[in-house]
Amino acid sequence: MKLENTKAQMRKGVLELCILSIISEKDVYPSDIIKQLKKHELTVVEGTIYPLLTRLKNAGLLSYYWQESTSGPPRKYFQITDLGKSFLGELTETWNKLVYAVNQSTKNINQ
Amino acid sequence: MNKIFNINLGGYPCTIDEDAYEELKAYLKAIRHHFRSSEGYEEIVADIETRMAELFQENLNGRPIITNQDVEIAISIMGTPEDFGAEIPEEEKVKTKSSKFNIKTGKRLFKDTNDQVVGGVCSGIAAYFGIEDPLWVRLFFVLITISGGFGIIAYLILWAILPKAETAADRLSMKGEKINVASIAKTIEEEIDHFSDKISEWGDEIGSKKKAKKKKVKYETV
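Taken in sequence, the protein lines are chains A and B.
For the first sequence, the numbering used here gives the first residue as 9, with consecutive numbering after it.
For the second sequence, the numbering used here gives the first residue as 3, with consecutive numbering after it.
To be clear, the hints were calculated from the coordinates, so they are not data collected in a lab.
For each residue, glycine too, the CB sits at the ideal point set by N, CA and C.
Among the hints, a few may not be true.
Derived coverage of chain B by chain A (criterion: at least 3 residues anywhere in the stretch with Cβ under 8 Å from a Cβ of chain A; other residues may be distant) [said to hold, decoys possible]:
(1) 124-130
(2) 145-157
Within a straight-line C-alpha distance of at most 20 Å, the following computed SDA-like cross-link-like pairs (lysine to any residue) qualify [stated by the list, open to error]:
(3) B:188 x B:168
(4) A:105 x A:26
(5) B:188 x B:48
(6) A:10 x B:182
(7) A:20 x A:73
(8) A:84 x B:84
(9) A:20 x B:41
(10) B:31 x B:193
(11) A:65 x B:48
(12) A:84 x B:193
(13) B:31 x B:138
(14) A:65 x A:91
(15) B:27 x B:118
(16) A:15 x B:84
(17) A:43 x B:193
(18) A:84 x A:10
(19) B:31 x A:101
(20) B:27 x B:138
(21) A:84 x B:85
(22) A:46 x B:81
(23) A:65 x B:38
(24) B:31 x B:188
(25) A:15 x B:82
(26) A:84 x B:162
(27) A:84 x A:73
(28) A:15 x B:193
(29) A:34 x A:46
(30) B:177 x B:138
(31) A:43 x B:78
(32) A:43 x B:82
(33) B:188 x B:208
(34) A:65 x B:25
(35) B:177 x B:118
(36) A:10 x B:85
(37) A:10 x B:43
(38) A:65 x A:98
(39) A:65 x A:48
(40) A:84 x B:28
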């Protein structure tokens, strides 16, 4: 059992929730998501989120549109769908319960 | 001094120097290999290529040619398959649980078709156990064939059930080596060498056959 792997698994588990939540605020370009995550000290490489975005898009939770860019090729902007919004709602609820449960279970460590 | 290439990266034209081109090529190959069984493979790879092109553009700041350094910076932002490696083990765990024949060390038994006398079974076994010369395995099979005939049956069964080591990743797991960008690039290079050796062998063979024919013709006319 490797510590790094376990840490990465933990991060990966919450990544979908974070991405959906960031996109629900405004339409974004993938590198903007990375910037936001970095600002909150959740550091992931860009390559990690492309497969996630594709999966969320194929599941109908996200959609995208093309926008011309001044500095290179046209950019794919992602926006959340109605289905994505209700999905995010349920995820958030589960997350809050989970945070409570984990906090309660690990009380002994934090004291 | 270095050669430069004009490439189409995710639908965007880029001018890149030779060394940087090789590095980028190896990286994209590793990316494709990593995502090959992911849902939406084509789209993921296309997105990553486009983003790489954009990162180059941002980094160049008006400079005309992409260099090694630019490629390294872009890779550090994008991450290598090892960086997002944590995504894969989940699927692999499921695989090892469901099939009893998968060996946990990552080593797998293959037929080594690059070094075959009959079907490549012996050289595959030699690679698996780290025996340098497959001749020993071949001798062993001959021996147990002579002493009871079981060898032939065992060989035929292995021939039928073992998969061929076709991709670079197969060849690495045959030898139990770690699969990453560097090792895949190394294996592919070896394979290209092997292939060009074969071609020159064929060339020699054809050449000598032609000569033989010519000689024959001469004799007939004489």
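Evaluation of the provided hints:
1. 124-130: Not satisfied, violated; 0 residues make the cut.
2. 145-157: Not satisfied, violated; 0 residues make the cut.
3. B:188 x B:168: holds, 15 Å
4. A:105 x A:26: holds, 16 Å
5. B:188 x B:48: Between residue 188 of chain B and residue 48 of chain B the Cα gap is close to 25 Å, so the pair fails against 20 Å, i.e. violated.
6. A:10 x B:182: holds, 18 Å
7. A:20 x A:73: violated, 26 Å
8. A:84 x B:84: violated, 26 Å
9. A:20 x B:41: The hint holds at about 17 Å.
10. B:31 x B:193: holds, 15 Å
11. A:65 x B:48: Judged against 20 Å, a Cα distance of about 15 Å means the pair holds.
12. A:84 x B:193: violated, 38 Å
13. B:31 x B:138: It is violated: about 36 Å lies between the C-alpha atoms, which goes past 20 Å.
14. A:65 x A:91: The given pair, whose Cα atoms are some 11 Å apart, holds under the 20 Å limit.
15. B:27 x B:118: Violated: residue 27 of chain B and residue 118 of chain B sit about 30 Å apart, past 20 Å.
16. A:15 x B:84: holds, 15 Å
17. A:43 x B:193: Given pair residue 43 of chain A, residue 193 of chain B is violated - Cα atoms ~41 Å apart, limit 20 Å.
18. A:84 x A:10: Distance ~36 Å between residue 84 of chain A and residue 10 of chain A Cα, so the pair is violated.
19. B:31 x A:101: violated, 40 Å
20. B:27 x B:138: Violated - the C-alpha atoms of residue 138 of chain B and residue 27 of chain B are around 39 Å apart, more than 20 Å.
21. A:84 x B:85: violated, 24 Å
22. A:46 x B:81: holds, 15 Å
23. A:65 x B:38: With Cα atoms ~18 Å apart, residue 65 of chain A and residue 38 of chain B stay inside 20 Å; holds.
24. B:31 x B:188: Holds. Residue 31 of chain B to residue 188 of chain B sits at ~12 Å (cutoff 20 Å).
25. A:15 x B:82: holds, 18 Å
26. A:84 x B:162: violated, 48 Å
27. A:84 x A:73: Judged against 20 Å, a Cα distance of about 6 Å means the pair holds.
28. A:15 x B:193: Violated, at roughly 37 Å.
29. A:34 x A:46: At roughly 17 Å apart (the allowed maximum being 20 Å), residue 46 of chain A and residue 34 of chain A satisfy the hint.
30. B:177 x B:138: holds, 17 Å
31. A:43 x B:78: It holds: about 15 Å lies between the C-alpha atoms, which stays within 20 Å.
32. A:43 x B:82: With a Cα-Cα distance of about 19 Å, the restraint between residue 43 of chain A and residue 82 of chain B holds, given a limit of 20 Å.
33. B:188 x B:208: This hinted pair is violated, its Cα atoms lying about 30 Å apart.
34. A:65 x B:25: violated, 31 Å
35. B:177 x B:118: With Cα atoms ~16 Å apart, residue 177 of chain B and residue 118 of chain B stay inside 20 Å; holds.
36. A:10 x B:85: holds, 14 Å
37. A:10 x B:43: violated, 28 Å
38. A:65 x A:98: Status holds; Cα separation ~18 Å.
39. A:65 x A:48: It is violated: about 24 Å lies between the C-alpha atoms, which goes past 20 Å.
40. A:84 x B:28: At roughly 25 Å apart (the allowed maximum being 20 Å), residue 28 of chain B and residue 84 of chain A break the hint.
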